[in-house]
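Q: Listed here are the chains, written in short residue letters.
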Amino acid sequence: MSAGRIQTKISSALPRIGLSSLVLCLASGMVLIFYYRPAGEVFANVEEITTLVPYGWFFRQLHYGSGQAFVILMFLHTLDHFLKRRYVHYPMRVWVTLILALLLSFFTLFTGFILKADQEGVFAGRIFMNILQTIPIVGASISKLFIVSGNDFFFLPYIYHCFFLPILIVYLIRHHIRDWLPNRGFMMAGGACLFLYALLIKPGVVFPPDAVTPSVEGPWFFLGMQRLLKAAPPLWAGIVMPGVFMMCVFLLPLTRKRGEFSASAGWLLWGKVDWLRYAVIFMFFVYTGLTVKAMIWGP
Amino acid sequence: MEKRQVYRVRLSEIHEKGMDRRGFIKRAMAWGVSVLGGGLFAYPVFSFMTFRKSRKRTVIFCSDEQGSDVFFKDGVYLVHEANAPRALSARCTHLGCTLNFDPTADRFRCPCHGSVFERSGKWLSGPAKKDLEHIPIKKAKNGDLTAVVTL
Numbered sequence: 001m002s003a004g005r006i007q008t009k010i011s012s013a014l015p016r017i018g019l020s021s022l023v024l025c026l027a028s029g030m031v032l033i034f035y036y037r038p039a040g041e042v043f044a045n046v047e048e049i050t051t052l053v054p055y056g057w058f059f060r061q062l063h064y065g066s067g068q069a070f071v072i073l074m075f076l077h078t079l080d081h082f083l084k085r086r087y088v089h090y091p092m093r094v095w096v097t098l099i100l101a102l103l104l105s106f107f108t109l110f111t112g113f114i115l116k117a118d119q120e121g122v123f124a125g126r127i128f129m130n131i132l133q134t135i136p137i138v139g140a141s142i143s144k145l146f147i148v149s150g151n152d153f154f155f156l157p158y159i160y161h162c163f164f165l166p167i168l169i170v171y172l173i174r175h176h177i178r179d180w181l182p183n184r185g186f187m188m189a190g191g192a193c194l195f196l197y198a199l200l201i202k203p204g205v206v207f208p209p210d211a212v213t214p215s216v217e218g219p220w221f222f223l224g225m226q227r228l229l230k231a232a233p234p235l236w237a238g239i240v241m242p243g244v245f246m247m248c249v250f251l252l253p254l255t256r257k258r259g260e261f262s263a264s265a266g267w268l269l270w271g272k273v274d275w276l277r278y279a280v281i282f283m284f285f286v287y288t289g290l291t292v293k294a295m296i297w298g299p
Numbered sequence: 001m002e003k004r005q006v007y008r009v010r011l012s013e014i015h016e017k018g019m020d021r022r023g024f025i026k027r028a029m030a031w032g033v034s035v036l037g038g039g040l041f042a043y044p045v046f047s048f049m050t051f052r053k054s055r056k057r058t059v060i061f062c063s064d065e066q067g068s069d070v071f072f073k074d075g076v077y078l079v080h081e082a083n084a085p086r087a088l089s090a091r092c093t094h095l096g097c098t099l100n101f102d103p104t105a106d107r108f109r110c111p112c113h114g115s116v117f118e119r120s121g122k123w124l125s126g127p128a129k130k131d132l133e134h135i136p137i138k139k140a141k142n143g144d145l146t147a148v149v150t151l
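In order, the protein sequences belong to chains W and R. With the first letter of the first sequence counted as 1, position 207 gets the number 207 in my numbering; the numbers rise by one all the way through. With the first letter of the second sequence counted as 1, position 58 gets the number 58 in my numbering; the numbers rise by one all the way through.
If we strip away everything but chain W, and leave its shape as in the complex, we get (with noise of 0.2 Å):
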């Protein structure tokens, strides 16, 4: 089989394997909504559900591994059609839309880090908080839209990780999907792998949130951010510099040249140079090497 076929095949199994990966994570999430409870004691309520409740450690395991596995392929299919431009094909609206799901699949990825309700995750949530509350002026008002201190810490990470954001990304989708239940073949091969993962490996060790740990590590999306938050102010770490980002991947279809989806050139392609696109790929590069870096050693 030739190079290319083999990049086509690879391009078009990434998004089935994730949306199979997709499906495994709402319904092992519909399963585990019965037992957890956002309020009181909460680690007590995810160790039972680890150790006590019937099946939980798999239920646990597979929605843990489905949605790491949906992000993570949903990130490769971008970053797959990053590399071969494709977004000069799309109309802005869409591009965004769906670059939107994609932002919006991290953020339930990092609620459900929260929702762990151990060390790490309260750490999180609290970090997360104070960010949002270094925002100018409405900054302290926009934190409380999304998670607060106190008795309903994790009440509102909960809403938004089992409803607000699971329907708004598959609203955003929606007209993405051509097939929801795809080639099954692939729903078969991302299943067993899926289940295979919940059967052999078990939840890693977890600290209670007041335990006495040195060093508290974020989820591993976030380790660069962790090590970025050291040397800078958090409005610049934590909102300023993912905001230019974003907003340059957003803007990547404003890049395509003459000819290619429309007649007229973007407007942001100036002179012959794609500056935006290497400004991504430069960023990425950067905040790559600092969670690497973390990974080895430590954020």
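Among these hints, one or two may not hold up.
Ranges between beta-carbon positions, derived for each pair [stated by the list, open to error]: (1) W:Val-53 <-> R:Glu-133: 37 to 43 Å; (2) W:Gly-243 <-> R:Lys-129: 18 to 24 Å; (3) R:Phe-41 <-> W:Pro-208: 39 to 45 Å; (4) W:Thr-213 <-> R:Ala-140: 29 to 35 Å; (5) R:Lys-139 <-> W:Phe-163: 43 to 49 Å; (6) R:Gly-23 <-> W:Phe-75: 40 to 46 Å; (7) R:Gly-39 <-> W:Val-53: 46 to 52 Å; (8) W:Val-286 <-> R:Lys-139: 52 to 58 Å; (9) W:Lys-293 <-> R:Ser-47: 40 to 46 Å; (10) R:Met-49 <-> W:Ile-33: 19 to 25 Å; (11) R:Leu-151 <-> W:Ile-10: 45 to 51 Å; (12) R:Phe-41 <-> W:Ala-39: 29 to 35 Å.
Think of the hints as simulated: they come from the structure by calculation, not from any bench. Please read all numbers here as calculations on a predicted model, not as lab measurements. All C-beta atoms, glycine included, are put in the ideal place defined by N, C-alpha and C.
Fit chain R to the given chain W structure using the hints.
A: Only chain R this time, still in chain W's reference frame:
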């Protein structure tokens, strides 16, 4: 014949421009009304969604808990000083993680981004920059110390 054509073209241009101007005013008014209406609706919604009652938590240190040099309870460190005990918020002033006390170095350390504070609460190093919050404490008749933390 030629003149008439020119005249017709000009008339249609004027007509279109007139329509444009009228259309623009109409569109601007529609936008203005929808922004105003949206704002009138959005403001109460936003106010409702972001309202929280101010909440406080009372932390009581009984006499047994006052014996150790540095004692942690419910987000508050009770630190013994030469004159009187001092209550410090255990919340890092950077992004809110709970600080650990390192007895060998006699310092508070943040496990998230590595800020370090003196036992008095003064900031020493790391991204936090601000000193720890001091919490006023009251002594009850039975010897209990009470600290009130704002959440």
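Q: Decide, hint by hint, whether the structure agrees.
A: Results for each hint:
1. With their beta carbons about 40 Å apart, Val-53 (chain W) and Glu-133 (chain R) fall inside the hinted range of 37 to 43 Å.
2. The supplied range of 18 to 24 Å is met by Gly-243 (chain W) and Lys-129 (chain R), whose beta-carbon atoms lie about 23 Å from each other.
3. In this structure, Phe-41 (chain R) and Pro-208 (chain W) meet the distance hint of 39 to 45 Å, their C-beta atoms being roughly 44 Å apart.
4. Distance hint for Thr-213 (chain W) and Ala-140 (chain R): a CB-CB separation of about 34 Å, consistent with the stated range 29 to 35 Å.
5. At about 48 Å, the CB distance of Lys-139 (chain R) to Phe-163 (chain W) agrees with the hint of 43 to 49 Å.
6. The hinted range of 40 to 46 Å is satisfied by Gly-23 (chain R) and Phe-75 (chain W), whose Cβ atoms lie roughly 45 Å apart.
7. Distance hint check for Gly-39 (chain R) and Val-53 (chain W): the Cβ-Cβ separation is about 48 Å, which falls inside the suggested range of 46 to 52 Å.
8. Taking the beta carbon of each, Val-286 (chain W) and Lys-139 (chain R) are about 54 Å apart, inside 52 to 58 Å as hinted.
9. At about 43 Å, the CB distance of Lys-293 (chain W) to Ser-47 (chain R) agrees with the hint of 40 to 46 Å.
10. Checked against the hint of 19 to 25 Å, the C-beta distance between Met-49 (chain R) and Ile-33 (chain W) comes to roughly 23 Å, which is consistent with it.
11. Between Leu-151 (chain R) and Ile-10 (chain W) the Cβ separation comes to about 50 Å, which falls inside the hinted range of 45 to 51 Å.
12. In this structure, Phe-41 (chain R) and Ala-39 (chain W) meet the distance hint of 29 to 35 Å, their C-beta atoms being roughly 31 Å apart.
When held up to the earlier numbered hints, the structure conflicts with none and fits them all.
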